[in-house]
Amino acid sequence: METPLTQHISFDRPCYSLRDYEKNGGYQALRKALSLSPENITNIVQASDLKGRGGAGFNTGMKWSFVPMNGHYPVKYLIANADEMEPGTFKDRMLMEGNPHQLIEGMIISAFAIQANISYIFLRWAYKKAGRLLKHAMDEAYAAGYLGKNILGTGYNLEMYLHTGVGRYICGEETALLNALEGKRATPRAKPPFPQVSGLFGKPTIVNNVETLCNIPHIINNGPDWFKSLGKGNDAGTKIYGVSGRVKRPGLWELPMGVSMRELIDDCAGGMANGYGFRGALPGGASTDFLVKEHLDINLDYKSVAAAGSRLGTGTMIILDDHTCPVGFVHNLEHFFAQESCGWCTPCREGLPWTEKILLSIERGEGKPEDLDLLDMHTRFLGPGNTFCALAPGAMEPLQSALKYFREDFEKHIDQKKCPWR
Amino acid sequence: MVRIYIDQKPYDVKPGKNLLETCLTLGLDLPYFCWHPAMGSVGACRQCAVKVFKDENDRTGRLVMACMEGVRDNMYLSVNDPTAHDFRSQNIEWLMSNHPHDCAVCDEGGSCHLQDMTVMTGHAYRRYRYPKRTYQNQYLGPFLHHEMNRCIQCYRCVRFYKDYAGGKDLDVFAAHNHVYFGREKDGVLENEFSGNLAEVCPTGVFTDKTLREHYTRKWDMTMAPSICQHCSLGCNIIAGERYGALRQITNRFNGAVNGYFICDRGRYGYEFVNDPDRVKQPAVRAENDGGNLFESISSILAEGKMIGIGSPRASLEANFALRRLVGEEHFYQGIPENEARLMSKILSIQLSGHVYTPPLKETEYADVVLVLGEDPTNSAPRLALALRQAVRTKPLEDMAGSNIPLWHDAAVRELIQDDKGALFMAYPVHTKLDELAYGTLHAAPEDIARFGFAIAHYIDSNAPVPESMDAQALESAKHIADLLQKAERPLIVSGTTLFNEDIIQAAYQIGRALEKGEKKAGLSFVMPECNSAGLAMMQAPSLHAAMKAAEGGTFATAVILENDLYRRAARAEVDNFFRAFKNIIVLDHLQNDTTSKATVLIPAATFAEGEGTLVNNELRAQRFFQVFMPKNEHIRESWRWLDEFGQFRLGTMPGDLRELDNLVEELVGAMPQFKGVESAAPSADFRINGQRIPREPHRFSGRTAILANVAVSEPKPPQDTDSPLSFTMEGYRGMPPAPLTPFYWSPGWNSGQSVHKYQSEAGGPLRGGDPGVRLAGEGLFSVNGAPSHIPAAFKRQEQAMALVPLAHIFGSDELSVHSPSVEGRSPRPYIALGSRDAERLQAVEGDILQMRIAGQVFDLPLILKNELPEGLAGLPYNLPSMSGIAWPAQGVLTKTGL
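Going down the list, the protein sequences come from chains A and B.
Residue numbering for the first sequence follows our numbering, starting at 1 and increasing by one per position.
Residue numbering for the second sequence follows our numbering, starting at 1001 and increasing by one per position.
Because the hints were derived from the structure by calculation, they are not lab data.
Accuracy of the hints is not assured; some may be wrong.
Below, in silico cross-link-like pairs of lysine-lysine (BS3-like), each with a Cα-Cα straight-line distance of 27 Å or less [stated by the list, open to error]:
id	chain 1	residue 1	chain 2	residue 2
1	A	Lys303	B	Lys1054
2	B	Lys1014	A	Lys191
3	A	Lys184	B	Lys1420
4	B	Lys1132	A	Lys418
5	A	Lys417	B	Lys1054
6	A	Lys135	A	Lys191
7	B	Lys1168	A	Lys184
8	A	Lys203	B	Lys1168
9	B	Lys1132	B	Lys1209
10	A	Lys203	B	Lys1420
All of these numbers come straight from a predicted model, not from anything done at the bench.
Just chain A, with the same shape it has in the complex (with noise of 0.2 Å):
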């Protein structure tokens, strides 16, 4: 089984240098990119079918054509959304702090295939070794002239900075990144226009999430062929996949794209933890409907996980077992998210922190019956298109789903007038 993501990653020993990288190939499909047409890098990726490891799962490489290349936009932006703030997921850290060269010679070649000279990698603001581990490495590659000016002599130029942000969830939304970045309030932008044609200060830019990135040097390395290969079902490529939660080995597993939930919780996870048994899990980070039981035989894929009624998401699981209140569990990424809202749109904005009050309040035994309606009323019209941005849809995923599989606990709780799990 390969491993192309992490094999160069062991945190047994500090992260590859430069010169181990090199040593180990790294760069190589640098070297060959540039030897490219942007337009065929492009293609390439495209051919290879990556999509976007951040959670929404669009095709890279068709993201990348959108573009303008005619000429006419001397200023473009290559931006690597390293604000990995999805509660439950914390893969790209290890990506980073395991091989930050990796990400930096993917940046390169996505800058370069967009033809942009300036990149920003957006790291959230408490990664703190990976902050350290990413400004050293940039700084041997522009030592080494990966980066700045006549890039290995062939004339293309490529400023990378290193930006951290404050701390906030909303930051992972490319567009309210793109605002902070520019040093205002970070609320989303409505697309249209995308910033693939008007982004970072109004000019052409990609976001793209930092697992993402460290996939292009091994497609531009080994083909799109090679890379479709590495998929088990649907999907193409590898995917850092993540449990966290009551398992007995919580942790992060390179896997082929489309690997079972059974396996990755049976097999990667050993299983639920002695005494406690599964009841759900949210299968990409804290925005993802739950998945229960019967689903446990999917594979984790974009449309396999779609058909059960969730989202991959970004691939890293919680579990939710059963000596844990679903009731309580709802309200705490309620909390999260009410709290994560910019405050630029009305449904958001009023409506999370009222279903978050509303859960606290079914959780401390004062819920009515009339309140499961509201908490479904939100759940419809905090809907994608309503809100200004997807914070809220996201949001309503947890919910709505635990309203569906745990409809019981909620009833409980209500004509207990008390949490039975306390």
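Given the coordinates of chain A, work out where chain B should sit on it, guided by the hints.
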């Protein structure tokens, strides 16, 4: 036109618009908050949700925000769709989850957009049962009251204040459901357009603090369409009264002039009307007193020759009535010689046919702007707001290929970022617009004029070039000339503020050079007062000419119309002038130094108590209407008094007094340059279905009780003989013609947001055309053919400082400083010097310096303005304690021993 289907009905609509403005234009009620016709869409409030269908067979559709979706041909949508309706109603419930239940004690109640939209969506019962969010309010200065708990976070305030008006001290703080709109800490809101927040805010977060001092609900006010009195731009306003006091000024939309916004001087300057120092009754000095006012006046009027001194702050009708009373040859403009010369020059340029004077609103679309010797923020504030929009014109045009519609404000701002069109500012000191400027010149007025002549020379090499200009200035002039020539709609702004004729000539010279057949450059002139242009068009000699004429006691009587001459000329000159008369009749509304000289003092109506016409700086004649009949029957329009005097003089007894329309008719007959004034508004006999237009909303309360303390029977309402408006709540309830619209109201739309119902399309001109008539000034002036006189460069003098007047939005206008709120924002007297001059005097900021100007002595604290050229000092223009300086002036400056 494209065809769209709304709830299955076909409509042909304008392409390029969004669905919200389209629905509003079609008269459909669709609720909204964050969208504003002047500020576009951002999609924040989610209130205007509608359903859009893929095609005519699609029954599912999807919810979209109407403000964020452009119309497309063959588009199917539904406003009444149950899901869309429920979502809109739910959205209101969300907004209401934290909104206080305080409508009954809220200043906005009854003219609240949030109330209207709440009713419109049908939301009535609030299911939210948790504690509401609360905030601390802030002190924001004398203009606005802050009540953050009412906020529905539509972001309009910051979008107006920061993005539109360039304010720096209001912002949105914090996040999620704690977002806070206010200042970084308590303090006076600094922006000159802050008062618009009271109208921009859809609820009661920002409310008019001066209204609060004498609060009245909108529906309880008697209102009339009016014209702002506080600068030359003639912004349209609505003035409201109750119990004999003027309560509030709000913006009156005029698509050609002020659009949706007015400045704070215009909004808050009204309180001079309520000043306790009003002239309340006619007074005759004892030695003239025949016991009976009319007899006294009759005998005075019969006594020898009269001289009449007009006023740039009095209406055309009042000035004309005076001119008729004293005779054309004895009528003088009440302005100093210098100002009269500047005004006459400006008029001759405007009427020359070689340049174009754009209406105020049009200046927003200029692509290159050159401001010569003006600080519009202080001398014509609404123009500064327009120029702030003008710098966006070029970038907006450049983005034409981007497929981003202009109404999509957020996307537009993201795309154009800080790109600006070219604006050049030339003024002796820094101005607020400098921050937007591509280039600035801080120089003496002479050098600003020379700079202008140099620009003209680089456009048209036949125009003379100023001698001995330094290379850098020439380079800069050449560059500006180049940009002006390439511009589609170049605009040059100059005016009277620095009292420099050469600057005006230079502006004209540039305009001439740019003239290409039919295509003419835009020239906007800032003038001193609200009717400066109207007065100047009467072509009477100046105050100084009057002084000369009065020498030797030629005249027995002077009639001074609404004019404090001590603000126009040096004290000694005016004293001397007054000594030449036996009788001095003064008509005015406020006590001042001139009224104290009166032998007969006549209480004149202010703009709120009478009708009249003003001519603004683009020569637009606009009618203002009486807001209320003063309880004090002595207070009458100056023109009515003067007309009455005329009758006395002819020996007829008052009875057959003229109405406004007769006077206007006579005015146009006597002075054809005023042709058009008669159609500035419908005449007094105008009726719709036989009905007058009521000044009071149909919900006006207390009609039968309002005077019950005087008499229990309801008095007959006052009759208005001069306009088609009535002082009642009865009358025509439909939409009156634009110049006669006393307030904006439409069923379900109680707040001022209802203005779109009065527009031909949402955000567009008013139905039937925007009010006002541009005067062509028929046969008035021949083309100004005088050769250009290029002044010598400014040189520092050893003995004296050259002085420049520095205009202040709060302080330089005579009437508005009587408003306590405006007075509180006025600067104290000061003298501004550059660093070199301060060093020479060994003075530091705050030191008291003594300035002697033509016999007057001022002790003034020093303010350093390092950009001031050496030898030039700035003084605040026309502060109450510093008026009467003959500009341009010189003074001798010493450091006092204090």
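- Query: Does the alpha-carbon distance linking lysine 1168 (chain B) and lysine 184 (chain A) stay inside the 27 Å limit?
  - Reply: Status holds; Cα separation ~14 Å.
**Request:** Starting from lysine 303 (chain A), check that the Cα of lysine 1054 (chain B) is at most 27 Å away, please.
**Result:** holds (25 Å)
Need the status of pair lysine 203 (chain A), lysine 1168 (chain B): alpha-carbon distance at most 27 Å?
Cα-Cα ~26 Å, so holds.
Run the distance test for lysine 184 (chain A) versus lysine 1420 (chain B): straight-line Cα separation, threshold 27 Å. holds (19 Å)
For the pair supplied as a hint, lysine 135 (chain A) and lysine 191 (chain A), is the alpha-carbon distance within the 27 Å limit? Outside the cut-off at roughly 32 Å; violated.
| query | Does the structure keep lysine 417 (chain A) and lysine 1054 (chain B) at a Cα separation of 27 Å or less? | reply | Violated - the C-alpha atoms of lysine 1054 (chain B) and lysine 417 (chain A) are around 47 Å apart, more than 27 Å.
Legend entry - Pairwise hint evaluation, lysine 418 (chain A) against lysine 1132 (chain B), where the allowed Cα distance is 27 Å at most: holds (24 Å)
Holds or violated: lysine 1014 (chain B) to lysine 191 (chain A), with C-alpha atoms at most 27 Å apart: holds (23 Å)
Straight-line alpha-carbon gap lysine 1132 (chain B) to lysine 1209 (chain B), limit 27 Å: Holds, at roughly 25 Å.
| Given the proposed pairing of lysine 203 (chain A) with lysine 1420 (chain B), does the C-alpha separation stay at or below 27 Å? | holds (16 Å)
The structure is inconsistent with the numbered hints 5 and 6, although it conforms to all the rest.
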